[in-house]
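Novice: These are the residues of each chain, in order.
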Amino acid sequence: MQNKVEIARLETIVANVLEEAKNQGASAAEVGLSVERGLSVTCRLGAVETIEHHRDQGLGITVFFGQQKGSASLTDLTDDSIKDGVKAACSIARFSGEDCFSGLPDSDRLATQFPDLDVCHPWELSADQAITLALDCETVARELDPLITNSEGATVNSHQGISVLGNSLGFLNGYESTRHSLSCSVIGQQGDDMQRDYWYSVARKANDLESSRRVGAMAAERVVRRLGAQSLSSRQCPVLYAPEVAASLLGHFIGAISGGSLYRKSSFLLDALETRVFPEFIRIHEQPFLPKALGSSAYDGEGVAANAHDIVTDGLLASYVLGSYSARKLGMESTGNAGGVHNLTIEPGDQDQQGLLATMDTGLLVTELIGQGVNQVTGDYSRGAAGFWVEGGVIQYPVEEITIAGNLKDMYQNIVAVGNDVDLRRNTRTGSILVAQMTVAGSTD
Amino acid sequence: MWVSAMAVSALSLAKESILGPANLLEHDIDQIMGCLLAAQVDAADIYFQSSRYESWVLEDGLIKQGTHNSEQGAGVRAISGEKTGFAYSDQLVLPALLEAAHNVKAITRQGQQRRVQVASAAASPALYLPVNPLHSITDQEKVDLLHRVDRETRKLDERIEQVIVSLIGVHDSILVADQDGQLAGDVRPLIRMNVTVIIEQAGRREQGSMGGGARADYGYFLDADKGLEYGRQAVHQAVINLEATEAPAGAMAVVLGPGWPGILLHEAIGHGLEGDFNRKGTSAFSGRLGERVASELCTIVDDGTLTGRRGSLSIDDEGTPTENTVLIENGILKGYMQDKLNARLMGVKATGNGRRESYAHLPMPRMTNTYMLPGDSDPGEIIASVDKGLYASNFGGGQVDITSGKFVFSASEAYLIENGKITRPVKGATLIGNGPDVLTRVSMVGNDLELDSGVGTCGKEGQSVPVGVGQPTIKIDSLTVGGTSL
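From first to last, the protein sequence lines stand for chains A and B. Mapping of the first sequence onto our numbering: position 398 corresponds to residue 393, and the numbering continues sequentially without gaps. Take any residue in the second sequence, count from 1 to its spot, add 116: that is its number in our numbering.
Any given hint could turn out to be false.
[Unchecked claim] 20 angstroms max Cα-Cα, derived SDA-like pairs, lysine to any residue:
no., chain 1, residue 1, chain 2, residue 2
1, A, Lys404, B, Leu358
2, A, Lys82, B, Pro137
3, B, Lys199, A, Ser178
4, B, Lys396, A, Gln184
5, A, Lys324, B, Glu277
6, B, Lys180, A, Gly334
7, B, Lys180, A, Gly61
8, A, Lys404, B, Arg320
9, A, Lys82, B, Leu250
10, A, Lys78, B, Glu187
11, B, Lys576, A, Ser178
12, B, Lys180, A, Phe90
13, B, Lys396, A, Thr144
14, B, Lys199, A, Asn152
15, A, Lys78, A, Phe60
16, A, Lys404, B, Glu316
17, B, Lys180, A, Ser68
18, A, Lys260, B, Leu178
19, B, Lys504, A, Ser228
The set of hints was computed from the structure by calculation and includes no laboratory data.
Whole structure, please, built from the sequences with the hints as guidance.
Specialist: Here it is, written out as structure tokens:
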């Protein structure tokens, strides 16, 4: 259901910008254009709070003068503005260093197939309809339990946009996609303790969103179960990462095997190719062509054809995550990952979260992480956390004001199991992940 | 005298750079506002912005990445009670802006037609010159500066493997017209330089990073060769971390150094004192004005009026002049930070804390420069008073849950204190605490107030704004340290 006329119009603009770059002397160029519009509606305490109409457009230009490079971006798509933007990029290029690894991808790597990934599902949503949906959701949350005393509201978002990429090697492709979400955040109180939590659903197609009833109920349940949270005494114990936070463990992994970290030698997984990074039962791969999925794409950020491939096979690191520049710096080939991975998937095991709690027996279930605290050069890891203390596979009480710490190299080696409770709401698809041991620090020593 | 003249000139410069190229007249602004006000609104504004940004990155001894960004547009907002309608356009033409106004006023019921005529606001003191950093030195001079910092930094230690030096400049012009007919404007320069180094010794690698900036032009970095100082400190941090051993885990006394460790205040109480959370009753500090939330030694302000600082603004993004707002005085909670909407709903005055990332974002209460006033203690005595604890002199970032009050900040340079002496460096650990009570455990406050070097960026609800933090050396009797060693 793509708007082919509009896509063609934007592709023409990109082609014109490439032409302008050539006229201004660039030996090669790459141009990206995105145009998006959307609606965001928030309701709070039973009434509409904000209605936002979004319209964004942006053009990015990179020009090459041999091995020199410069970039510019702008939002005004008039001819004069584009000329000025190209001029700024060309001017910067003349000051840049001659970098022999610089340049567009090899042309034989550029995508030539553009399968329909089913990512465009416009939602005819009026502000009034959005208000009704958000109100329904928030009402469910507020009425679920008398301990729910306040609300930050429920929000409906719907966005639709076209993204075009072109380069002077003849690559030119645009596609339209949509993204819709429903979220709800409420607050509970028990004595002096006030807690907030939230839940959300996101999809390419409005019908695939979780119901407003479910989103509201989940938000309220998550708040109620964390009331009365206390800290812990410091200890070492196993940690079960719930799916919503397990994705971050894989994010640090991808960061460590990404080209930029590798050629800068600022990674704790340097020279780790073909070595054992995870236990044997772990398989991690990317799936760029999953229909309707949030990370699907036929090509990477440079136009290199995406390809479904393993990153970790039987626990061994099978591939780095590289774009053309970093691949050249490393004396390797692009893996089709300029800009990141597509629908990163860690193969699930047999058990759901309950099963993993039983396997863990005694330890910490983490449902929220706060702060940064990850050193990508060394793998040292220390983050704030909230969740539940577990004994005999059963949640005992909620905990907060604790940290979990360790080193990612060890944590990855000590993964005991991956759950089948896969969270599909982001570009990384994972279930709960059980790590055998981490250090928990708390205030009740 | 010159200060007012400077401020008036900021408004005229803003009008010139925004309305000029767009062929918009003040009369057109009147018309858009008239459209907005043809509805029962309590407040409305139109925020125009024209912004130029550049960044230069030197790595491997080469200028590797240079980029220039150009953006302009206007955001149109109508507020009725607690309801806000918002639309924006990157096309600064009357029809597009009228359309935005039309969409937005649907937030509320129809009302009486109102006419308004905008007039220039009274000048507020100018805290920075309305300069354009991008044009303050030539591109060749920018490149030469980066090369010099790179060369000099590499000389500092033969174990250095990587040096990355970056230079960023922003020239931001804004105009705000509100329903009372006030037209305010500002021209805001912002610059930043950063040096990151990676050092390797015997197979072990560590990173160090230091930077700084201000609301000034690039001449700021040429004075006192600040870039070389950032390089020196980045190397120092990397070298210290090469020797760092496991950090302790658990609750202990923590001494925080002056300056950037003031991020403690930003996370522990800053966000929790933003007006929107307190108006809604969702903050752990809600309804607590007049109560003790810190020890008597603690007086903390949010001050948007400091000259030239990254976190400062002559006027906020709603046209309200910024203030030095006392948040906590001798441990007692005195005030919240307010934008216009939340101030009106709470029945107090706006404090000049209404900020937005751009014309395409809605304003909300945000911090400016948040810091603790100095006390009387000698920093050396503060460290000597600790039997067993941690001294943390530098941090990465932090985060807070303003409802539960739990906050974190992550140390990037820390040492053990044993028997009153700093002994050895330990790996950066995350510190976690509870905002409403951590400051009640501040038992010593040093006389060495420092503000950060001009590198802070605060994120809230997806919007980033530049901020400042600061404090003197302080001692917290107990804070949880997230190390690995029990």
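Novice: Evaluate each hint against the coordinates.
Specialist: Status of each hint after checking the structure:
1. For the hint pairing lysine 404(A) with leucine 358(B), the CA-to-CA distance comes to about 18 angstroms; that is within 20 angstroms, so the pair holds.
2. Taken as a hint, the lysine 82(A) and proline 137(B) pair is honoured in the structure, with Cα atoms around 19 angstroms apart against an allowance of 20 angstroms.
3. Between the alpha carbons of lysine 199(B) and serine 178(A) the distance comes to roughly 19 angstroms, so the proposed pair stays at or under 20 angstroms and holds.
4. For the hint pairing lysine 396(B) with glutamine 184(A), the CA-to-CA distance comes to about 14 angstroms; that is within 20 angstroms, so the pair holds.
5. Using a Cα cut-off of 20 angstroms, the hinted pair lysine 324(A) and glutamate 277(B) holds, with the two alpha carbons roughly 15 angstroms apart.
6. Between lysine 180(B) and glycine 334(A), the direct Cα distance comes to roughly 17 angstroms. Compliance with the 20 angstroms bound is thereby established for this hinted pair.
7. The straight-line distance between the Cα atoms of lysine 180(B) and glycine 61(A) is roughly 13 angstroms, inside the 20 angstroms bound, and the hint therefore holds.
8. Proposed proximity of lysine 404(A) and arginine 320(B) is supported: the alpha carbons are some 14 angstroms apart, at most 20 angstroms.
9. A hinted pair counts as satisfied when its Cα atoms are at most 20 angstroms apart, and lysine 82(A) with leucine 250(B) qualifies at roughly 15 angstroms.
10. Simply put, lysine 78(A) and glutamate 187(B) have alpha-carbon atoms about 15 angstroms apart, close enough for the 20 angstroms limit, and the pair holds.
11. Under the criterion of a C-alpha separation no larger than 20 angstroms, the hint pairing lysine 576(B) with serine 178(A) is consistent with the structure, at around 17 angstroms.
12. Under the criterion of a C-alpha separation no larger than 20 angstroms, the hint pairing lysine 180(B) with phenylalanine 90(A) is consistent with the structure, at around 10 angstroms.
13. With a C-alpha separation of about 11 angstroms, the suggested pair lysine 396(B) and threonine 144(A) falls inside the 20 angstroms cut-off, and the hint holds.
14. A threshold of 20 angstroms between alpha carbons decides the hint, and for lysine 199(B) with asparagine 152(A) the separation of about 17 angstroms falls inside it, so the pair holds.
15. About 17 angstroms separates the Cα atoms of lysine 78(A) and phenylalanine 60(A), which keeps this hinted pair within 20 angstroms; it holds.
16. Proximity of lysine 404(A) to glutamate 316(B) is assessed by CA-CA distance (about 19 angstroms); at most 20 angstroms being required, the pair is judged to hold.
17. Restraint check for lysine 180(B) and serine 68(A): the C-alpha separation of about 17 angstroms stays at or below 20 angstroms, so the hint holds.
18. A distance of roughly 17 angstroms separates the Cα atoms of lysine 260(A) and leucine 178(B); the hinted pair therefore holds under the 20 angstroms criterion.
19. The hinted pair formed by lysine 504(B) and serine 228(A) meets the criterion: a straight-line CA distance of about 18 angstroms does not exceed 20 angstroms.
Hint violations for this structure: none, all hints satisfied.
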